[in-house]
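Asker: These are the residues of each chain, in order.
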Amino acid sequence: MRIAIDHHSRYRFSKPQDRIVQMLRLTPGDTRDQTVVNWMVSVDCDARLRDATDGFGNAVTMLYADGPLAAIDVHVTGEVLTTDADGVIHEAAEPLPALLYLRTTARTAPGTDLPGFASDSVSGARDPLDTLHRLNCALHARFPCAPDAPDTGTSAAAAFVAGKATSRDVAQMFIAAARSLQIPARYVSGYRSDSVAQSAPHAWAEAHVYGLGWIGFDPAAGLIPDERYVRVAIGLDAAGAAAIAGTRIGYGLEQLDVDLHVEQMPGDA
Amino acid sequence: MGTSGAFDEIWGFGGPDSPRPEFQALSRWVANTSTEELHQRQQSAEAAFRQLGITFAVYGENDAAERIIPFDIVPRLFLHQEWTSLSEGLVQRVQAINAFLEDIYGERRILAEGLIPPELIFRNDQFRPEVAGIRPPHGIWAHICGIDLVRTGPDQFFVLEDNARTPSGVSYMLENREAMLRLCPELFREFRVAPVDSYPDRLLETMRSVAPGNNPDPMCVVLTPGHFNSAYYEHSFLADSMGIELVEAADLVVDDDIVWVQTVGGRVRVDVIYRRIDDDFLDPLIFRPDSMLGVPGLIAAYRAGNVALINAPGNGIADDKAIYSYMPEIVRFYTGQDAKLPNVETWRCREPQPLKYVLDHLPELVVKLVDGSGGYGMLVGPTASKQEIADFRAALIAEPHRYIAQPTLALSTVPTLVEQGLAPRHVDFRPFVLTGSDGVRVVPGGLTRVALREGSLVVNSSQGGGTKDSFVLLDDRAPTQSQSQRQGL
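Protein chains in written order, with the UniProt record's numbering: chain S, 1 to 269; chain R, 1 to 489.
Keep in mind the hints are simulated off the structure, nothing from the lab.
Even for Gly, the Cβ is constructed at its ideal location relative to N, Cα and C.
Do not take every clue at face value.
[Said to hold, decoys possible] A few chain R residues facing chain S, derived, Cβ under 7 Å: (1) F122; (2) A132; (3) D476.
[Claimed, not checked] If you want the footprint, here are the derived chain R segments under chain S, 3+ residues with CB under 8 Å: (4) 32-43; (5) 233-242; (6) 251-264.
[As the list claims (entries may be wrong)] Computed, partial: chain S to chain R, Cβ under 7 Å: (7) R2; (8) R12; (9) G55; (10) A59; (11) M62; (12) Y64; (13) A92; (14) P95; (15) L102.
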């Protein structure tokens, strides 16, 4: 499938900012089933952009801009070719061993209720893969409506108790639950082709099964990622894979508007 | 527990009346100086420390009032040959620590060889995936190491703990010496003592040697969390004695992956940062997003190879207590030799057999949290109450992987001024080892910490410890005062 992405992140400030430093995880990498045909990150003001690869293997762009800045628009456009691989990730850059993804972070700490839910949902599972499928379905059944929405910093445990979750929250719940079952799991931020405009990138999870490798799970949809999905960044949790992490020097408030179009292009390449 | 039977570094095993022959002059000095006079000099030193602001905060106490660390006027002495063999062991250990860090954040050969269980690295929060794959300028990670040593006999030294993050305490080494020179000048006529005052120069040389590229005149700064930090005195003291800027995060900006400092004369590019801020707070984009102490973009500049950070972020994996128990293997793997400085025997509670042994012998052992420091989260079996032992037993059973245990060592003592005169008190020792691109240097001296309470083995300043000056005696045959030891890598 050929997928076109057009993604604006517009920050507006109530008072002009002196300086902005942002770290962008907005550039997908190639895997066997995902080929980036073209990709561009641009900014609507005078800024220095520097590319690097972080410790997790993500492509990272540092953005440095001097003020006064009343607004900044980070714009991503690109095209990616994908094929369906039943969720299994082949030939991705993997600088770190799967073991690392058994760690807990503040946002993926399981809390008191989630481990019980996890072990109940997977009881009777035949093997780790079956366990993960059951977990994926159970989370989707519990949170049938988990939209893509801007990050509010919620933890998996808090969202689980609150009973209301975004795709980010259920992905973090999946990760917390899988780790509590001693299965390495990580957060994925990326895009999913959809005909409607979206207000945030999509979030899902990957879990590591011995002998198979990393496998994607999308508990917000209750599905396994297919050719409609574009993986962009991975991390231990939502914060570690955030599309944009930023700091600004200046007074006033900030408002973020996201305008995102992910579309399936006609024809094969 | 107690002092009986312990080796005294001045008096030997024989008590005050038969000191070790090399140190008879010290006993004469003590005999010829009245106890009142010694107390007076000690008070004078402490008054000076208070005035300078050499204080520390006791964590876990409600009144976070800053205190000065008590100073003891009776120095500890190392013979020249004792020091020479200690230095060799320290150099070897620090070389191994640097090689281990380079490997664990790079190729991970030691894991491929199966010498350390991988989960001990990757499930350990001290391993920082955020800096994996970065090679620091000149491949040096632990530029400043404080290696905590204990002694049980004339030639029996053991490493108790490695400090490869941001070891503190070097200002005590320097200020204690200043005080001794001023208050007890006669001692320096009795003994030829190696000077320690070259430490700031050696540190600056080390910093300059690891500057990125071939800049002949690199800009070096000391980064402090600010004056509210308990070690602020040391930060400002070191910057001052090196003649370089002391900066806070707000003084630094990163632009285009390059670090700049704002000065009165404009923006100046920074090459080397001696940071006294923990990893967690260094860069809010990478570590804790709520850090106000950090510099956004600092890790990007570091990853790009444009700045040296002293010490490198991620070093905590080398001084983790769970890794400590593997140090003999680590030293052998990277240096091809057996460790010259042995570890204290250590039981890893994460392993079933050692755990069983530890649970059966709690009243005799010292049990420590693998990620604790400063004497917190620790059980000293022989002095613990029944209740404390029971509580620790429960904690151990619940989370055995978080603990290690060691035998209670008969730590050496050094005569220490108490109300009635001199009495033996247990000590440990933290020498400081500098590693630059031009080699490893051990400054002849260090921080001697002394447990002031009779019989106590806990020397931490937060637990009622004090400090002493540490004299390293020069070789009688040496024509000049050599200031430091250099050894190529």
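Asker: Quick check: which numbered hints come out false for this structure?
Answerer: Going through the list in order, the structure violates hints 3, 4, 5, 7, 8, 10, 13 and respects the others.
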